Amino acid sequence: MKIAIPVKDENLTFFSNAGHTPKFAIYEQSGTGMFRSFKLNSVIQNPRTDIDHDHAEEDHACDHAHDDEEHIAQHNKMGVALNDCNYIVVKKACKNTAKSFTSQGIKLVKYNGESLDVNSILKETSASFV
32 MKIAIPVKDE NLTFFSNAGH TPKFAIYEQS GTGMFRSFKL NSVIQNPRTD
82 IDHDHAEEDH ACDHAHDDEE HIAQHNKMGV ALNDCNYIVV KKACKNTAKS
132 FTSQGIKLVK YNGESLDVNS ILKETSASFV
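The sequence shown begins at 32 in the working numbering and counts up one residue at a time.
There may be inaccurate statements among the hints.
[Said to hold, decoys possible] Each computed BS3-like pair below joins lysine-lysine, with the alpha-carbon atoms no more than 25 Å apart:
{"hint": "1", "residue 1": "K39", "residue 2": "K141"}
{"hint": "2", "residue 1": "K70", "residue 2": "K126"}
{"hint": "3", "residue 1": "K154", "residue 2": "K138"}
If you are wondering where the hints come from, they were derived from the structure by calculation, not from laboratory data.
Values in this document were obtained by computation on a predicted structure and should not be read as measured data.
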């Protein structure tokens with residue numbers, strides 16, 4: 032099972048805004064219950080070309096019209112890039128971002144905590160990965 036999580040950089044610092052994250056870390060889960068573990072598979076660049084990856088905005092709110100096809104196409108690039116993932120952990124995701132994932136069969140797992148440590152977040156949300 033593969034789980035994606037938005038990260039700021041290769042240091043694997045969690046990025047709260049899934050639609051504007053510079054990168055995604057992709058983990059492979061193995062085992063179950065107390066024997067569940069996560070192994071980093073890869074870190075990929077967010078494929079969107081309409082955002083500044085070097086100055087990412089965690090607090091950015093998506094205020095584009097829901098019929099703005101060019102903007103929606105940018106969001107959809109994320110779902111396509113992560114289409115082999117089963118889940119994505121998010122703190123914030125606008126409707127376009129959420130739809131880009133769910134349209135590819137990727138389930139969203141909401142994270143409400145304060146940690147920025149990806150390994151801690153994966154452990155905390157792991158009960159949602161079934």
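Going down the list of hints, with the structure as the test:
no. : hint        : in the structure
1   : K39 / K141  : 18 Å, holds
2   : K70 / K126  : 29 Å, violated
3   : K154 / K138 : 17 Å, holds
In this structure, only the earlier hint numbered 2 is contradicted, and the remaining ones agree with it.
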